[in-house]
Amino acid sequence: MADQALHGRRLPVRAAALETLLPRIEAVAIPAIGLIGGFAIFAVFLLSQGKSPVEFATLVWKAGYSSAFSLQNTFSRVAPLLFAALCVALPARLGLVVIGGEGAIVLGGLGAGVAGVALAGLPSVMGFAGMVIAAMGLAGLWMGLVGVMRVKRGVNETIASLLMAYIAIALFNHFVETVFRDPASLNKPSTAPLPDGLRVGDMPVITTHWGLIVGICACIACWVLIERTKLGFAARLAGDSARAAKVQGLPVDRLIIGFMALGGALAGLAGLFEVAAVHGSANASLIAGYGYTGILVSFLARHNPLAIIPVAILLGGIEASSGLIQRRMDLPDATNLVLQGMIFVAILFSETLTGRLKLLQPGTWGRT
Amino acid sequence: MSADIGLWGVPLAILAGAIRVSIPFLFVALGECLTERSGRINLGLEGTLVFGAMAGYAISYETGNPFVGVAGAALAGSLFGLFHGWICKFRGVNDIAMGIAMMLLGLGLAFYFGKGYIQPVAPDLPAIPLGNWSDIPQIRAALQINILFFVGAGLALAMWWMFRQTRVGLVIRVVGDSADAARAMGMNIDRVRLLATAAGGALTGVGGAYLSLAYPGSWNEGISSGQGLMAVALVIFARWSPIACFWAALLFGGAGALGPALQSVGVSDGYYLFYAAPYVLTLALLILTSSPERALRGAPGELSITK
Amino acid sequence: MTNRKTLSRRSFLNQSAAGIGALALGGTAQQAFAATPLTVGFIYVGPRDDFGYNQAHAEGAAAVAAMEGVTVIEEENVPETQDVQNTMQSMIQFDGATLLFPTSFGYFNPHILEVAPNYPDLRFQHCGGLWNSAEHPSNVGSYFGYIGMGQYLNGIAAGHATQSKKIGFVAAKPIPQVLNNINSFLLGARAVDPEIVCQVIFTGEWSLAVKEAEATNALADQGCDVITCHVDGPKVVVETAAGRGAYVCGYHADQSALAPDLYLTGAEWNWAGVYQNMIETVQAGGSIDNFVRGGLADGFIKMSPLGPAVSDAARNQFEAVKAEIMQGGFAAIKGPLNDNEGNVIATASQSFPEDDVALESMDYLVEGVIGSTGA
Chain A
0 MADQALHGRR LPVRAAALET LLPRIEAVAI PAIGLIGGFA IFAVFLLSQG KSPVEFATLV
60 WKAGYSSAFS LQNTFSRVAP LLFAALCVAL PARLGLVVIG GEGAIVLGGL GAGVAGVALA
120 GLPSVMGFAG MVIAAMGLAG LWMGLVGVMR VKRGVNETIA SLLMAYIAIA LFNHFVETVF
180 RDPASLNKPS TAPLPDGLRV GDMPVITTHW GLIVGICACI ACWVLIERTK LGFAARLAGD
240 SARAAKVQGL PVDRLIIGFM ALGGALAGLA GLFEVAAVHG SANASLIAGY GYTGILVSFL
300 ARHNPLAIIP VAILLGGIEA SSGLIQRRMD LPDATNLVLQ GMIFVAILFS ETLTGRLKLL
360 QPGTWGRT
Chain B
0 MSADIGLWGV PLAILAGAIR VSIPFLFVAL GECLTERSGR INLGLEGTLV FGAMAGYAIS
60 YETGNPFVGV AGAALAGSLF GLFHGWICKF RGVNDIAMGI AMMLLGLGLA FYFGKGYIQP
120 VAPDLPAIPL GNWSDIPQIR AALQINILFF VGAGLALAMW WMFRQTRVGL VIRVVGDSAD
180 AARAMGMNID RVRLLATAAG GALTGVGGAY LSLAYPGSWN EGISSGQGLM AVALVIFARW
240 SPIACFWAAL LFGGAGALGP ALQSVGVSDG YYLFYAAPYV LTLALLILTS SPERALRGAP
300 GELSITK
Chain C
0 MTNRKTLSRR SFLNQSAAGI GALALGGTAQ QAFAATPLTV GFIYVGPRDD FGYNQAHAEG
60 AAAVAAMEGV TVIEEENVPE TQDVQNTMQS MIQFDGATLL FPTSFGYFNP HILEVAPNYP
120 DLRFQHCGGL WNSAEHPSNV GSYFGYIGMG QYLNGIAAGH ATQSKKIGFV AAKPIPQVLN
180 NINSFLLGAR AVDPEIVCQV IFTGEWSLAV KEAEATNALA DQGCDVITCH VDGPKVVVET
240 AAGRGAYVCG YHADQSALAP DLYLTGAEWN WAGVYQNMIE TVQAGGSIDN FVRGGLADGF
300 IKMSPLGPAV SDAARNQFEA VKAEIMQGGF AAIKGPLNDN EGNVIATASQ SFPEDDVALE
360 SMDYLVEGVI GSTGA
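Residue numbers (numbering that gives the first Met the number 0), protein chains in the order written: chain A, 0 to 367; chain B, 0 to 306; chain C, 0 to 374.
Chain A with its partners taken away, still in its complex shape:
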């Protein structure tokens, strides 16, 4: 009797623990299965091409992670991916699919480059603040506009963001080659070089620019925003069902515009760091496709801002090894794209396992 009573009291406690723990395990396990599956398909692909998957993996490890140099190579690619992915992940929490982050990145770069030169006379701190405001403001406004189109006119945000990206790139090219062109930039039209005081340098230890840390902080902040604030809660509700959220009196329209604008502003920071830490001025090299890789990163991270960090590091490492793979295995540079595509497909497909893995269902472990 006593035993039974004890048991009776204990079970719910264990079940409750399982009920919170198991979904978390599931949330990690399922994409992990997808990731492994994607690599497995890619391994088969390599074998069919007469290449060794083991050699491939060894080279990725060697070029991406094995030494201080490799890690620096990887980390130096991560910063723009973090910001670009956030530009996809934030609206995704409202159920919006944004694929035009590239436009916000280049406009952010343009804003930063132009503001930095215009504010060269001010103290560095103020000048840099001006650059941040210009980059985030311009890029945020641009993506916010997409949100406005969605809310006011019902224009699909996926298509609108893409069109706006094409338009942003045209405007960027136009302004860089006309009004803001530095006459001294001969064969590569650019804005005037930023003054030294406004350049962003490398961090100590890992010689990668500060954008990496800012990007990681931005990911953490966005996670807090989504998971731990009322605003984030409202956004998630609206993402599940806009109609239900409206009925409950949530400001869905403003949430959409706000999250779009915030995502855009963060993408603008990618442009800012590219200009201030890498290129030193705004020019066409900024149109490098980070916005599109950001889509991949965000989806692989299932739009979880914290998960964006490891995913970006993973993709950065694969990209870092692309050159060595070209040279050592005589594979074309597109191999990387094939791998990314296969992982992407496999991870999306793995979502169908949600709720189907017996081991991870609370019911498997006893009464609930």
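Treat the hints as calculated values from the structure; they're not laboratory data. Note that this is a predicted model, so its numbers are computed, not measured. Please note that the accuracy of each hint is not assured.
[What the hints assert, rightly or not] Taking lysine-lysine pairs in the DSBU-like style, the calculated list, with each CA pair at most 35 Å apart, reads: (1) C/Lys164 / C/Lys301; (2) A/Lys50 / B/Lys114; (3) B/Lys88 / A/Lys50; (4) A/Lys245 / A/Lys229; (5) A/Lys229 / A/Lys357; (6) C/Lys333 / C/Lys321; (7) C/Lys164 / C/Lys321; (8) A/Lys245 / B/Lys114; (9) B/Lys88 / A/Lys357; (10) B/Lys114 / C/Lys164; (11) C/Lys164 / C/Lys333; (12) B/Lys114 / A/Lys61; (13) C/Lys301 / C/Lys333; (14) A/Lys151 / B/Lys88.
Based on these hints, arrange chains B and C on the given structure of chain A.
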């Protein structure tokens, strides 16, 4: 060998450009129209288009027959479509996201296998000279209309008729508008969508083959400048009507010819802005024709992009 | 034609160990280069078989790979971003490359300038940049060729071929290298007939197939019956122009196979000899000059063989002018000359020979070119 036609060159170039440039948009838009009418959206057509361009070029080169190349591109496209259609029937798999993934995969595979075909010259698709009545060489050149243009125009008509008049069209529409109704009528929703997506992929593959085998008529990694993605936008403002897709593609192609045509008569300031004309025009049309209040007129009810 | 003998005239080689002057200029550690097999890295911004800019460099790399004691490593489609910095370092760290040829213009500033100071013993050879000793590291060098002369010769062939007296140019962006080519093309044609005009269309991108095809068609619609270009891969322009029945002048590499009947000639890079010479210099323990330029006479550029459509008159003038250019110091831009907005470029007594550095900051289109330098 050519007459000086001065400013008349601008409208002529826009007309000729509209026909030349619109064909890939037309095929992708028709393919996407068919897929979306069945209630799925395939955003991965950009990848299918580029893979079709590569496959068509490679096969045309290997066989020496461009029509075999087109058929091969259609087959390759349908395989991409089949895969998308199959994988999206699983619970929890999002068709929009899967489309983006397939786009990446399609581009990757096309570039991977296309490396060896950048250099060779493959036989091109023939054009039909319809301008021989004119003495003006520019008009003759403008009316060198590729055979695929007529195929595309015919397909638009046929598809319009199919949706209105045939049982197949009815089935696709019902499946696209309401899965519940379709189920009640005993239709196999997954199979209809699978086939519609495969057919859409095949049409997209043909559009890709046009890029590599007709205009610009060669294979390289920059052959597409987003035609596959833009066509999805065209379908929306064409309101899922095949006939409207045809006009939308022509309009978009004509807008794309504006920039070079204006420069050729000496209007060269701000060419980046002229080059953006098709995108601005599309966006403006989308804004004007959309409405926040009700679902889009003509939109299939099951379509995730309009929900 | 590679003529290695003529190179000594430019004396960018310092094969002898006595090349102390070059040593001071180059400042690289000779020991690192000597004796041990040499690993040379080539980096391209696009595909290496693009019938154009990258292919020209890749053909040079292939010639280097055929040399004794040299290993060539290559990477293509490397964007002008952090990527190229990483690629250079990866080639150094993993493959032991000691001599790098990052071939795209945009690799220079900031990327090469960022990486090179970290590896003072290695050498970075950049195509197109304007190296100067005051600003740039001593282990960086820049080289380029006077390809405008090739476009001038293209213009001579075009001037004879055109019936409409209107020739066309598909250009990527209005930057000095491109403007120099456009101007040279027209001036060559005007050496045949001063009435000829040249229509230019900018595509705004280095590689954009559909836009290049549309630009070519727009030129043909305006009656241009000889067309050339300056984009990274001229394949589309050449094929489209030939499809419209216009004559074609090539650029970057030999495109005659794409339009056998209508191809007049072409201005080609001739990197094979240039690169082999640089490697030989290094192998002999010498040092490559930091600032290297050369033209037709130096084997930096060459002309495609004249096509079947070139008339005898054209051939004669072409060969005569070519011989003149081979003497060195030829000036395409010479007075009296105005730009197409009426400003004086050169007075009657002024001329800008091919090796005048002022040409590398050209910002005008000469009289007779229809188009503007603003975006």
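Measure nothing beyond the straight line between the CA atoms of B/Lys114 and C/Lys164; if it is 35 Å or shorter, mark the hint as holding. With a Cα-Cα distance of about 40 Å, the restraint between B/Lys114 and C/Lys164 is violated, given a limit of 35 Å.
Can you confirm whether the C-alpha distance between A/Lys245 and B/Lys114 stays at or below 35 Å? 52 Å, violated
Straight-line alpha-carbon gap A/Lys229 to A/Lys357, limit 35 Å: 34 Å, holds
Agreement of B/Lys114 and A/Lys61 with the hint, judged by alpha carbon distance not exceeding 35 Å: Holds: B/Lys114 and A/Lys61 sit about 26 Å apart, inside 35 Å.
Sort out whether B/Lys114 lies within 35 Å of A/Lys50, counting only the CA atoms. With a Cα-Cα distance of about 17 Å, the restraint between A/Lys50 and B/Lys114 holds, given a limit of 35 Å.
Do the alpha carbons of B/Lys88 and A/Lys357 lie within 35 Å of each other, as the hint requires? Judged against 35 Å, a Cα distance of about 21 Å means the pair holds.
Holds or violated: C/Lys301 to C/Lys333, with C-alpha atoms at most 35 Å apart: 23 Å, holds
A/Lys245 and A/Lys229 were given as a pair; does the straight-line alpha-carbon distance stay at or below 35 Å? 15 Å, holds
Hinted pair, alpha-carbon criterion (35 Å max): C/Lys164, C/Lys301. Please report holds or violated. 26 Å, holds
Given pair status - A/Lys50, B/Lys88, alpha carbons within 35 Å: 33 Å, holds
For a C-alpha distance cap of 35 Å, please report whether C/Lys164 and C/Lys321 respect it. Holds, because 22 Å separates the two Cα atoms, which is no more than 35 Å.
So if I understand the rule, the pair passes when the alpha-carbon distance is 35 Å or less; does C/Lys333 with C/Lys321 pass? 17 Å, holds
Hints 8 and 10 from the list above are not met by this structure, while the remaining hints are.
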